[in-house]
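Fit chains P and Z to the supplied structure of chain E, relying on the hints for placement.
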Amino acid sequence: MLLTVIYIVAITAEAMTGALSAGRRSMDWFGVILIACVTALGGGSVRDVLLGHYPLGWVKHPEYLMLTSFAALVTIFIAKWMKHLRSIFLLLDALGLIAFTIIGCQVAIQMGHGFVVAAVAGVLTGVSGGILRDILCNDIPLVFRRELYASISFVAVICYWLCSMLDLTLEVTSVITLLFGFILRVIAIYFGLEMPKFIYKEDDGHSASSIDE
Amino acid sequence: MLLTVIYIVAITAEAMTGALSAGRRSMDWFGVILIACVTALGGGSVRDVLLGHYPLGWVKHPEYLMLTSFAALVTIFIAKWMKHLRSIFLLLDALGLIAFTIIGCQVAIQMGHGFVVAAVAGVLTGVSGGILRDILCNDIPLVFRRELYASISFVAVICYWLCSMLDLTLEVTSVITLLFGFILRVIAIYFGLEMPKFIYKEDDGHSASSIDE
Amino acid sequence: MLLTVIYIVAITAEAMTGALSAGRRSMDWFGVILIACVTALGGGSVRDVLLGHYPLGWVKHPEYLMLTSFAALVTIFIAKWMKHLRSIFLLLDALGLIAFTIIGCQVAIQMGHGFVVAAVAGVLTGVSGGILRDILCNDIPLVFRRELYASISFVAVICYWLCSMLDLTLEVTSVITLLFGFILRVIAIYFGLEMPKFIYKEDDGHSASSIDE
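Chains as they are written, first to last, in our numbering: chain E, 1 to 213; chain P, 1001 to 1213; chain Z, 2001 to 2213.
Just so you know, these hints were derived from the structure itself, not from any lab. None of these values were measured; they are calculated from a predicted model. We treat Cβ as the ideally placed atom computed from N, Cα and C, and that holds for glycine. Treat each hint with caution, since some may be false.
[As the list claims (entries may be wrong)] Below, in silico cross-link-like pairs of lysine-lysine (DSS-like), each with a Cα-Cα straight-line distance of 27 Å or less:
#1 Z:K2197 with E:K80
#2 E:K197 with P:K1080
#3 Z:K2083 with P:K1201
#4 E:K197 with P:K1083
#5 P:K1197 with Z:K2083
[Said to hold, decoys possible] Now the stretches of chain Z that chain P is said to cover, found in silico as 3 or more residues with beta-carbon under 8 Å:
#6 2017-2031
#7 2103-2109
#8 2133-2142
Pulled out of the complex, with its shape left as it was, chain E reads as follows:
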């Protein structure tokens, strides 16, 4: 099925970007593999743990884990050429974001959950791998700071949900959502679209800072 193929391409691409992040922190090979696997498979794991959906994806299909580990090792050797492929990775990442979102939605819907939980499951699957990567690398998660990313995952959920309500088949629904979300993400990258930011500075600095900063 199309979604499985895209999923496999996506986890490979995510693993490779995770490995690069680990390399920026000068981690050893083991850390590179771990960060790669967490980046690629962490989103689905967070969703499954929160929904109580056992066994987790990589427990059922350990071959995904071997694939992402292998992709991490390959990255170590081809890293110096990867920067020329940056735009390809951005596109693969965009594809992965939407594929993850759709899969997350499907899992929640199969478990009988409604729109809100399906939306959370979809978005979490899409973005939490990257959040875990940034926590392990001791960064503030990027997902909240750059161009439209999580919000596109959310819009994809809405698209998926609307298609489902129109009684389209699963395949058609997935393809429409995939195209729609992907195009949206490419537009966001191209024009550098961003969510509005909430910037909060306390005027009365040091008295306030004793409580919460």
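Coordinates of chains P and Z only, in the frame set by chain E:
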């Protein structure tokens, strides 16, 4: 029931403080919503995942998720006036801490666990939302650094447990614990009471630092 | 059984090193206890949550939680003498790493999983307590930066698996793995052996950094 009302007020207040933390880090709106939801509902989720208590609260009651998301969005617009309400938020947070603790205890006891696990469940429900918020904002969790907080949650557990052993009804037990813990927290804030700190400095700095620092 | 004794010694030692880390961050006593418990029991908890293996160890045996909390409190008072015991702690930590790994493997195998999942379960049990400690203390996890550590856990898994395939009894398998892994770790510490590191620097700094750094 009283506890439900307090719970709803508490998650709203926690979501708003979470949103302010996200604003201090200049996150986009999506990040603000996520940090708010994690702050408000993360404690219960951590407890439920660790105890295997499915479905999680927000999965069963997605309306809580919508409430906290909405509270986060409102916060973005009213943030500039919120500093005048700081003391009200501190009181709501205190109320929430004890309400979360009681709910965490009850869940563990209903599952048949003893005092130690109930205590952990209570304290985790009370404090781990804030810990997750601080990890996502890339801070050292505040809960370990400011006035009595987690320890008041622990004392509330003991109070709750003693009342249960006296065969008081659930309602009376909850009200007594709530009042007791709330007053204790207010006293701690007012007088700036703190737990003793453990400050460990290595004398022989650089040889030690190669191993563990 | 031998493994249980080693396990108890190991969680005590891990709790004490966790408490020292908390002390380096000047946390209060409550934070010290939490970091100690997470360091000692977090690895097993992560494994159990990911495999859906309920109840968690410390939920079934709350006495382990009391032991690690107690060890944390003791550490506060004896910290100033502990630096003379550094090498003993390194040895106990090495023993613990292998014991955790073996226990993690056994849990996965008992649940019917194959080599890949058993390897992940073993390594996660061995190293993720320390990773959680470093996240809570706002550090980049050390496990990816110092001498062979996670990789020795992985080699121990392979040793355990090979022994199992030779139809050795559980006891013999455990003892062989324990000795083999322990000696390997001691050699790694003594000679300062390290995994090769993956160091990735972007040439075209600031244009790249807008995307992923």
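Against the structure, the hints:
1. Z:K2197 with E:K80: holds, 15 Å
2. E:K197 with P:K1080: holds, 15 Å
3. Z:K2083 with P:K1201: holds, 11 Å
4. E:K197 with P:K1083: holds, 19 Å
5. P:K1197 with Z:K2083: holds, 19 Å
6. 2017-2031: holds (count 14)
7. 2103-2109: Coverage by chain P is violated here, the residue count being 0 at a Cβ distance below 8 Å.
8. 2133-2142: The restraint on the segment 2133-2142 of chain Z holds, since 5 of its residues have a Cβ under 8 Å from chain P and three suffice.
When the structure is compared with the earlier hints, a violation turns up for hint 7 alone.
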